[in-house]
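Participant: In order, the protein sequence lines correspond to chains L and P.
Take the first sequence: its letters are residues 1 to 233, numbered as in my numbering.
Take the second sequence: its letters are residues 1 to 41, numbered as in my numbering.
What the hints contain is simulated information worked out from the structure, not anything from laboratory work.
Hints may be right or wrong, so weigh each one.
Computed footprint of chain P on chain L, listed as stretches where at least three residues anywhere in the stretch have a Cβ under 8 Å from a Cβ of chain P [to be verified]:
hint : segment
1    : 24-37
2    : 50-63
3    : 117-123
Please read all numbers here as calculations on a predicted model, not as lab measurements.
For glycine and all other residues, C-beta sits at the position ideal for the given N, C-alpha and C.
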Amino acid sequence: MTDSPSATAPSRRLDPVAMLAALAVVAAYTRAIWFTPPERIQGFAQKILYVHAPAAWVAFLAFGLTALAGAGWLFLKDERLDRFAESSAEVGVVFTTAVLVTGPLWGRPIWGTWWTWDARLTLTLFLWFVYVGYLVLRGAVDGRESRARASAVLGILGALLILSLPHAPPDAGGGAPRGADDAAGDADDLLFLFLRLHPALRRPRARPGGLRRRTGCPRGRGAGLTARVPTDA
Amino acid sequence: MPDNAIYYRLAYAATLLLYAGYALSLAWRRARLARRRGGHV
């Protein structure tokens, strides 16, 4: 079974998930800006948590999925899992960037400082570097299998940092922002994640060496027959 | 109530720019992929 040339080619038609994600972003921003009152003690700065906390949750979810997909690739060697891991890591980096940008903008008026080397903040920054390194690594390694193996290992090791995050003791700055849990769960960030991930799960196009590597069959006319004949017969 | 609206405006503007930039990057890569795959767009 082979793919038709257009089996996974993107179409110019707008992706419904993309449209839904865009609408959700607009809806979330509209509600947060115009339909939520400023908090009594923190003032308007508290509204930053409506984008900061969901971005953090989705980033950690994305890195967790990267690790799971990487582990899956190590066992199954399915190219879709490798692409899924890469896509998920990319989304994680984008949302961690949002966390690292909005965090100091909340910390300055509330803590009185842009940044503290609190364990949780430092680990988040380190996580960002690890997954930027993951993406750079993917661009630097030649060979699909070597790239997938190296990045799967790095993806799994990077996700171990996430497990240590909730247990990191809060420092003088106070650790994670107060009230962050109230803001978690904005659907728009999850849609963004899904938007990036669902194309990665499509069936891979037939590429030179792609199907052959997994099945051991040579390509070309009569390839299937050739593969069934023992070479030493 | 403290007057710190500037920080919240900056944060929302920054995230909006980031998300919009990423969405444009996805759209650009998608279009480039479509062109590379023989004009199946």
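Participant: Which of the numbered hints above does this structure break?
Facilitator: Result: hint 3 breaks, nothing else.
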